[in-house]
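Student: Below are the chains, spelled out letter by letter.
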Amino acid sequence: MWKTILRRVLLMIPQLIVLSLLIFWLAKLMPGDPFTGLITPETDPHRIEELREMAGLNDPWYVQYWHWITGAVQGDFGDSYAFKDSVSSLIGDRALNTLWLSLFSVILLYLIAIPLGIYAGRYQGTWFDKGTVLYSFISYAIPTFVLGLLFLFFFGYKLDWFPTSGTVDVKYEAGTWDYFWNKVYHLILPGITFALLGTTTVIQYLRSEVIDSKTQDYVKTARSKGVPMKKIYSKHIFRNSLLPIAAFIGFTITGLLGGSIFIETIFGYPGMGQLFIQSLGQRDYSVITALVLLFGFLALLGSLISDIVMSIVDPRIRIDN
Amino acid sequence: MNKKNWLLLTVLAAIMLVLAACGGGDKSGEKGKEKEQVDTSKFPLEVTNKDEAIKGGTLKVALSSDAPFKGLFLYEVYEDAYDAEILSYTSNSLYPTKEDFLLDDDGLAKIDVDEKAKKVKITLKKDVKWSDDQPFTSEDVIYPYYIIGDKDYTGVRYDTDFQNIVGAKEYHDGKAKDIKGIKKIDDHTVEISFKKISPAIYSGGDGLWGYAAPKHQLKDIAVKDLEKSEAVRKNPVTLGAFVINKIVKGESVEMVANKNFYKGQPKLDKVVIEVVPSASMAAALKAGKYDVAVPNYPANDYGSIKDFKNIEILGRPELAYSYIGFKLGKYDKQKSEVVMDENAKMNDKSLRQAMAYAMNIEEVAKVYYDGLRTRANSLIPPVFSSFYDDSLKGYNFDKKKAESLLEEAGYKDKDGDGFREDKDGKPLTIKLAGMSGSDKDEKIVQFYIQNWKDVGLKVELSTGRLIEFNSFYDKVKADDKEIDMYMAAWGTGTNPSPMGLYSKNAEFNYSRYTSPELEGLLNDIDSAESLDPAHRGEAFRKWQEFMSENANVVPMYFRTELIPVNKRVKNWSVDYLSKDGVEKVELTAEDPIK
Numbered sequence: 001m002w003k004t005i006l007r008r009v010l011l012m013i014p015q016l017i018v019l020s021l022l023i024f025w026l027a028k029l030m031p032g033d034p035f036t037g038l039i040t041p042e043t044d045p046h047r048i049e050e051l052r053e054m055a056g057l058n059d060p061w062y063v064q065y066w067h068w069i070t071g072a073v074q075g076d077f078g079d080s081y082a083f084k085d086s087v088s089s090l091i092g093d094r095a096l097n098t099l100w101l102s103l104f105s106v107i108l109l110y111l112i113a114i115p116l117g118i119y120a121g122r123y124q125g126t127w128f129d130k131g132t133v134l135y136s137f138i139s140y141a142i143p144t145f146v147l148g149l150l151f152l153f154f155f156g157y158k159l160d161w162f163p164t165s166g167t168v169d170v171k172y173e174a175g176t177w178d179y180f181w182n183k184v185y186h187l188i189l190p191g192i193t194f195a196l197l198g199t200t201t202v203i204q205y206l207r208s209e210v211i212d213s214k215t216q217d218y219v220k221t222a223r224s225k226g227v228p229m230k231k232i233y234s235k236h237i238f239r240n241s242l243l244p245i246a247a248f249i250g251f252t253i254t255g256l257l258g259g260s261i262f263i264e265t266i267f268g269y270p271g272m273g274q275l276f277i278q279s280l281g282q283r284d285y286s287v288i289t290a291l292v293l294l295f296g297f298l299a300l301l302g303s304l305i306s307d308i309v310m311s312i313v314d315p316r317i318r319i320d321n
Numbered sequence: 001m002n003k004k005n006w007l008l009l010t011v012l013a014a015i016m017l018v019l020a021a022c023g024g025g026d027k028s029g030e031k032g033k034e035k036e037q038v039d040t041s042k043f044p045l046e047v048t049n050k051d052e053a054i055k056g057g058t059l060k061v062a063l064s065s066d067a068p069f070k071g072l073f074l075y076e077v078y079e080d081a082y083d084a085e086i087l088s089y090t091s092n093s094l095y096p097t098k099e100d101f102l103l104d105d106d107g108l109a110k111i112d113v114d115e116k117a118k119k120v121k122i123t124l125k126k127d128v129k130w131s132d133d134q135p136f137t138s139e140d141v142i143y144p145y146y147i148i149g150d151k152d153y154t155g156v157r158y159d160t161d162f163q164n165i166v167g168a169k170e171y172h173d174g175k176a177k178d179i180k181g182i183k184k185i186d187d188h189t190v191e192i193s194f195k196k197i198s199p200a201i202y203s204g205g206d207g208l209w210g211y212a213a214p215k216h217q218l219k220d221i222a223v224k225d226l227e228k229s230e231a232v233r234k235n236p237v238t239l240g241a242f243v244i245n246k247i248v249k250g251e252s253v254e255m256v257a258n259k260n261f262y263k264g265q266p267k268l269d270k271v272v273i274e275v276v277p278s279a280s281m282a283a284a285l286k287a288g289k290y291d292v293a294v295p296n297y298p299a300n301d302y303g304s305i306k307d308f309k310n311i312e313i314l315g316r317p318e319l320a321y322s323y324i325g326f327k328l329g330k331y332d333k334q335k336s337e338v339v340m341d342e343n344a345k346m347n348d349k350s351l352r353q354a355m356a357y358a359m360n361i362e363e364v365a366k367v368y369y370d371g372l373r374t375r376a377n378s379l380i381p382p383v384f385s386s387f388y389d390d391s392l393k394g395y396n397f398d399k400k401k402a403e404s405l406l407e408e409a410g411y412k413d414k415d416g417d418g419f420r421e422d423k424d425g426k427p428l429t430i431k432l433a434g435m436s437g438s439d440k441d442e443k444i445v446q447f448y449i450q451n452w453k454d455v456g457l458k459v460e461l462s463t464g465r466l467i468e469f470n471s472f473y474d475k476v477k478a479d480d481k482e483i484d485m486y487m488a489a490w491g492t493g494t495n496p497s498p499m500g501l502y503s504k505n506a507e508f509n510y511s512r513y514t515s516p517e518l519e520g521l522l523n524d525i526d527s528a529e530s531l532d533p534a535h536r537g538e539a540f541r542k543w544q545e546f547m548s549e550n551a552n553v554v555p556m557y558f559r560t561e562l563i564p565v566n567k568r569v570k571n572w573s574v575d576y577l578s579k580d581g582v583e584k585v586e587l588t589a590e591d592p593i594k
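Taken in sequence, the protein lines are chains A and B. If you use UniProt numbering, the first sequence corresponds to residues 1 to 321, in order. If you use UniProt numbering, the second sequence corresponds to residues 1 to 594, in order.
Here chain B stands alone, though its shape is the one from the complex:
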């Protein structure tokens, strides 16, 4: 070998070494060992750090995002999860929540509902000051309604729910000078009249707005200029534990403790939130650059952080479910209602059930998600303990049952090609639409297609491949003929009422199934009788059972979200039920532990 080649080899070897050094760690020890399973219930909800805390200190928060944050720091106008995360430190939230995310009355304000008169009385806590020393009064609770109701308001929050407030629509349309249904009783009492009151009011629904806005700061800014104003983008006045001090647009925010915070001075001096690209989040955590990664850490990358010694990983169930939906009709835009198609390919309960039984969801959850997703049995996440039906069996993988269901329903393989024909003996090809994302998604979908093939069903991807997010929803919404079934997910938010997703008039009822029985069950959930919590819980359960049996949508997974926290952080909790916020958080070292 001559000299030239030696040089080349040396350089190549050097590069490989560097590359190997970077990739090392996560791959080692994977071979030969049974893949470790994560028991999602083992993740703590709160950090276990019991060391003595230092005085004050700066909490360093990594906001995991591949794009700059938008920087709309006002609850009435913000739109995405990143701004919401930043806002949560300066929260103007009026009502804390308790079990099932029902409003509690130990916050800045409490509600008294007069179900008969359809009125809600809001009583404010007295002697509370905004971060700029101005008093917090009923004007600040009323003003948000005037922002959202304004004709120039461009957010999504002026919706049917909001129009449930007496006079909101008239104000929006310019027919009235004030919102008639909102009355200031005195400086600390507000009364709001609604057109109807449902149990959702206790979850902050029906048009009740959960946040205060600093009227003294915002009153001279026209609503159309609000989003560009400094009061929203640069120096919002708050009631929360921290106040924004400095901002580098789209990149980072520095906050200082709000001395006027109504629960007392926060323990920390400062909070610094910085955007960190998702690709380097693991490295950043390991290097001890940050104390906590928010909104959460991607569950499918759990492997790269699980062995870090300097962090503790908290976990909690996400308010969401993934599901598979079967197309059974169309949405009539003119009439705003779902019209079922008797001849739809999937309009056979046994076929749908069989497809659900044939899916080995347990295996996928284990192999592809390290157990961080689990098979869902219901369309209500278990966190809503009074509404969730834990007795539901769901569709546990059962190939035999799938086959027998298909046989009984008349789906038989008559021409012996390995695939079943439909009941009339015609070839049956089912078109499945899925959303593209990581390379994992492709593998998972292929796995399910194999599952269905195993029971003799021919399933193909609509358009031949997974579909990009926007196109996917465009097609699903338009009831594209190429889609017989689809895989999607819903975040439930804190109000789990399924009305907006499954009722006859709901545009988001993408499976396009409706029946008088279902309508009855849905109406019962939000009915006057359901103002009694026991009745509502029962109504929820009946609805879940119906949906499970009917299988027009079949829940696939519940998800667990992971929040890595550095070991110097004390009192950090991700428990939905925790009453303590960021004001209680302390640090036990000057810098994050490396």
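Chain A on its own, in the form it takes in the complex:
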């Protein structure tokens, strides 16, 4: 087991190098550069050229790559051209915001989806089941920005129940309880939107697993032994039905940092998704490459975690050496 993990981790290194080469090269292929957007009639083209030279943008891409990668392995991802801040502190701020939002909504998502999925499966064919299926189809069909805007207009502006932008009000002092609660308060609306839209997969998986499990031999055995139905559902079926969800758990955990462009833009919530899109638009190379590398690393890590979790919950696929 440990050997496998170590092997997988070592394998990540060449994978990440290839990814970084690819993204670096592709980023440079994009038309324009970080200075294109700065041009006004009053800017001096010579100065722009000088800045390009200072930033090393006139070097061949492999030279730039070498500069970048040697910095990156030492933990220095350079400075953002647009924000004039170090990439690590910029990503750090945004990652924290995104992490809180995703964590909140993932917990909410499971709180909604798991009971719905289990009960819909258990009481298959009833009104409850039909309602759940209908709900999950609707939530699957609604585009993120539509629901986001609806919620924002209705709960944010019309009813004035929730804040409409940002992560925290400026009036609170960092570190106080009020500050913390205000942050949570800002999470609720985007968090709910995010959670409601993500429930479909979990509900559908759980529901069909529960329905399948009902006819499995182990359930029949348990019933013939006289185990009460309630216990069969809570102990036997529930655990087995969670398998497909466990398979995704790694991606869910690492996906927490991915962010959602739509949610972040609509709710004015500065997170990773928005940072990525904005950096692409402004050709903020250092941020783009660092983010892609991070996302790539998370994807690899996610699949590793999933495999490990799977081998823990499902002894049949345990990897041996």
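Treat the hints with care, since some could be wrong.
[Said to hold, decoys possible] Cut-off 27 angstroms, straight-line C-alpha distance, at most; resulting in silico cross-link-like pairs (DSSO-like, lysine-lysine):
1. B:K584 with B:K129
2. A:K183 with B:K234
3. A:K183 with B:K246
4. B:K249 with A:K183
5. B:K118 with B:K98
6. A:K183 with B:K286
To be clear, the hints were calculated from the coordinates, so they are not data collected in a lab.
Dock chain B against the given chain A, drawing on the hints supplied.
Tutor: Then chain B, alone, in the frame of chain A:
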């Protein structure tokens, strides 16, 4: 119908109702009615609120942006309009402006220009204090030059203009310890020597820097660390009406009144600026969440706010123009000059003029921009009243004239396919490059292509569609062969000198037209004779007439920017000529009116 379907229908109906409720309002009444035209001159420059003001209060400002602000709160290093907007409340600006954006002398400092000696004497107002009670001295006026001139400075402001200061280049290159041309006479007087002095000096050009920087706060921070320092990002010391008190990075700023402000204590207690996503700006204004939307409200979305009862919409001309440019040559990077191509497809004045006459810009301005853009007749926005030539006719839509111009010049349809061939009888296809943006842009470009088709000219989009901003300028700059003409815009800033955009050596002279006559006209604008304002105005007019006649670039629209203000705000003005700033603003209710 069985029960199942009923349920589905009910749910669908419910959703539609909700959606309809949200979309309602803006669509109603549009049908059957002639589309309303906005008379841009009717927008007030100042709010009309005359109610009695409350004491103090907090002004809530919505910063319309789909991305977090960058948060560089120092004039020497900031880069975008959002930071500039926030900075304007804490402004360290030395010179207020008057007509034509010329420097006035009733601010923190005034200039006396000695044209012969090429020197400028800056005299500071006495007894002014920074927000941290430190005195404001000539050191604070000199220090910005040392920031911009530093070898580690990474901004755009170390430019040719800046190098016009005697000794600036030597300092930047490390050959001198000081900038030789900058002399501190005493605590309130500074003298700066320039290599040359042009009329631009009166607009704050030629390398003169318009802002002070708190030397006592910044002196121990190396210039390369400036952008990351707390003095720039968190607690900048200011001379302006307000001082930054708290910041949520990228999201919001809280400011308090600066008790040391040189024009007296501001009327408001606080200003809170928050980023608001553009998609919800209208809803936010309607809900009375904010007092004012800055930098401005998108003109093409005017319809969704025009009927709100709780706001007043101010309008003013933007310092910008949209134009159409014809490619007539190339830029020689080695020699840094424009080289014209005699054989360029568009190198025929009649053809260019005809294309300009064929465009029904008036119709586009009316239909697509609700009249918030108007046909431009000149390359100088009318706000620069002494330079702008209002007598210029420009190219008012005239299909007949376009056709006759083409006939006379020899562009005739010989093979009868509905499109004119060029003078040698070869098929003529003109490639147009346009920037992608909203879906409106696509429609507008197609409309113009139809206009040209109507006079028999075949125009196609380069690359077959509109081009994304970065690629567009890459291609235009590289004189891409696929581009014969292009549609773009320039913001003019407050110094309207066209030298940087149309001279022989200007890289931004994207149409790549140059001629001795044009060079002469341009040089005259910034010449020594033009230090006389009357002469300069005349030089500007001559240049505008030449450009209009030559039609290598044809102005398309002037724009109006809209600034919605809540009705509880008093004394808010967007007039470029207004002397009163945010310090005079008052509120007439505890909360924004809903």
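Student: Could you run down the list of hints and mark each one as holding or not?
Tutor: Here's how the hints hold up against the structure:
no.: 1; hint: B:K584 with B:K129; in the structure: holds, 19 angstroms
no.: 2; hint: A:K183 with B:K234; in the structure: holds, 20 angstroms
no.: 3; hint: A:K183 with B:K246; in the structure: holds, 16 angstroms
no.: 4; hint: B:K249 with A:K183; in the structure: holds, 14 angstroms
no.: 5; hint: B:K118 with B:K98; in the structure: holds, 23 angstroms
no.: 6; hint: A:K183 with B:K286; in the structure: holds, 25 angstroms
The structure meets every hint from the earlier list without exception.
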